[in-house]
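*Asks:* Okay, here's what each chain looks like letter by letter:
Protein chains: 2
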Amino acid sequence: MKINVLFTPIIADELYFTGKTTVVIDVLRASTSIVAALQNGAKEIVPVATVEFAVKVSGGMFGGQTLLCGERNSKKIEGFALGNSPLEYSQEIVAGKSIILFTTNGTKAIVKAKFSSALFICSFTNISALAKQLAMRDKDIEIQCAGNQNNFSLEDTVCAGKLISELEKINCELYLSDSAKAALVLSKSLGKNMHKMLSETEHGKMLLENGFAEDINYCGKLNISSSVPYLTGNVIKLFPEIDPSLSDIKENIKS
Amino acid sequence: MKINVLFTPIIADELYFTGKTTVVIDVLRASTSIVAALQNGAKEIVPVATVEFAVKVSGGMFGGQTLLCGERNSKKIEGFALGNSPLEYSQEIVAGKSIILFTTNGTKAIVKAKFSSALFICSFTNISALAKQLAMRDKDIEIQCAGNQNNFSLEDTVCAGKLISELEKINCELYLSDSAKAALVLSKSLGKNMHKMLSETEHGKMLLENGFAEDINYCGKLNISSSVPYLTGNVIKLFPEIDPSLSDIKENIKS
Chain U
1 MKINVLFTPI
11 IADELYFTGK
21 TTVVIDVLRA
31 STSIVAALQN
41 GAKEIVPVAT
51 VEFAVKVSGG
61 MFGGQTLLCG
71 ERNSKKIEGF
81 ALGNSPLEYS
91 QEIVAGKSII
101 LFTTNGTKAI
111 VKAKFSSALF
121 ICSFTNISAL
131 AKQLAMRDKD
141 IEIQCAGNQN
151 NFSLEDTVCA
161 GKLISELEKI
171 NCELYLSDSA
181 KAALVLSKSL
191 GKNMHKMLSE
201 TEHGKMLLEN
211 GFAEDINYCG
221 KLNISSSVPY
231 LTGNVIKLFP
241 EIDPSLSDIK
251 ENIKS
Chain H
1001 MKINVLFTPI
1011 IADELYFTGK
1021 TTVVIDVLRA
1031 STSIVAALQN
1041 GAKEIVPVAT
1051 VEFAVKVSGG
1061 MFGGQTLLCG
1071 ERNSKKIEGF
1081 ALGNSPLEYS
1091 QEIVAGKSII
1101 LFTTNGTKAI
1111 VKAKFSSALF
1121 ICSFTNISAL
1131 AKQLAMRDKD
1141 IEIQCAGNQN
1151 NFSLEDTVCA
1161 GKLISELEKI
1171 NCELYLSDSA
1181 KAALVLSKSL
1191 GKNMHKMLSE
1201 TEHGKMLLEN
1211 GFAEDINYCG
1221 KLNISSSVPY
1231 LTGNVIKLFP
1241 EIDPSLSDIK
1251 ENIKS
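For the record, the sequence lines run as chains U and H.
Numbering-wise (the working numbering), the first sequence opens with residue 1 and increments by one.
Numbering-wise (the working numbering), the second sequence opens with residue 1001 and increments by one.
Everything labelled a hint here was simulated from the structure, so no lab data went into it.
Small disclaimer: the values here were computed from a predicted structure and weren't measured.
All residues carry an ideal CB built from backbone N, CA and C; glycine is no exception.
This list has only true hints and no planted wrong ones.
With a cut-off of at most 27 Å between alpha-carbon atoms, the simulated DSSO-like pairs for lysine-lysine come out as follows:
no., chain 1, residue 1, chain 2, residue 2
1, H, LYS1192, U, LYS169
2, H, LYS1169, U, LYS196
3, H, LYS1188, U, LYS205
4, U, LYS188, H, LYS1205
5, U, LYS188, H, LYS1169
6, U, LYS2, H, LYS1188
7, U, LYS205, H, LYS1139
8, H, LYS1196, U, LYS169
9, U, LYS205, H, LYS1169
10, H, LYS1002, U, LYS205
11, H, LYS1002, U, LYS196
12, U, LYS43, U, LYS76
13, U, LYS169, H, LYS1188
14, H, LYS1205, U, LYS20
Sample of chain H residues lacking proximity to chain U, with all beta carbon distances greater than 10 Å (derived):
no., residue
15, GLU1044
16, GLN1065
17, GLU1173
18, LYS1192
19, GLU1214
20, ILE1224
Bound-form chain U, shown alone (with noise of 0.2 Å):
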């Protein structure tokens, strides 16, 4: 299995993806977020690469059932029902719902991939269920971390090293480029104190000084939910709800 991390946007183009099995980064938030949100019942999540397209998404869905959400420079965007809080993706407000999603540098990356073949998505919190996943399905992976405005995020990176670490546990053969050594490296240098690498992040500190510290806790708490996201469509479920087009899928949980 070989394993590329792509540490930005920026580097690949829309059409790299195609036929890929790629998993998106975006611990601070949006990865996390969207993890939350399905473990909590979420019906679905509709990623979506501008605002603008969010409100036309939003405009075409039934009233009651769906939820227009996101941020723009970590603040909830106004007339949004939530921002990108993971804490705010409660059961009693996303159960059933389809949530329709706009952040700034997450459901961006999201958009970008979405010539897949599959496209799961990771945050430290569900690591060890995707990893699982993935040794499954045993395909080559690209790693693409959202990044910070299309500029390295080290949160994202220490996340690819953390899952790289999780298959390398469960036994995988794996082959790793230059960067998917360097996520490794900086996970097993890095990753011990989840808090504080996560404070001392650009992005980490941008976020405490706009009062989202315990979305920092909460981002940084490892393995607390079993939840697998996997765009199918153009939409974000829990896998395995198996859509029948994704026959590679089907066919591994089958084997």
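With chain U fixed as given, assemble chain H onto it according to the hints.
*Replies:* For chain H alone, coordinates are given in the frame of chain U:
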């Protein structure tokens, strides 16, 4: 002193560098060759971004005083005097010569960052000498890794980390971006056995397969040169052969 590391040239556009102090690193092998050539008495290096432009520039210069050099996919370009091995740039061959240099990653990265107010070239072979100059300048630094075809390159990043480590040692007060922190951690983890590290990177393995084992040995030698190459106008010279237009550098030297 703020330090940021750009892992590949695709992250920033040309204007990003305007007015900045930039260090370009391409360990395998352009920056190592540039350091070696100037150390061995080359008059100047003219970095170019295309083979066509290399040939054009070469046509406009005095025959006998110029050497047209470079590689494509690690191999010397047909009709060129030298390839991109630092071992080719001996005193006998390069002393007094203007070298027109095209390489797949390194010279492109240098040309892209040409609007920097000061641009220095770094390899493992000249880290200590360069760090002293940078400490004296005391300006924020962008370290541009040349990378590998716009992908992350581990050896360039470890070199960036070693440069940061050297600046730490000489008591510079450093503020590190996420990428600069990552480079520092990687250099501390992977920079102990340079030959092993270089031999195991993607680019290093490719060079070994193509018969460049001696280049790997040479490129991993720490601080064997006191050369500090910098870009002045369109050419790279030895610092401090000062160009009058670089007034801020002159002032630093005087003070």
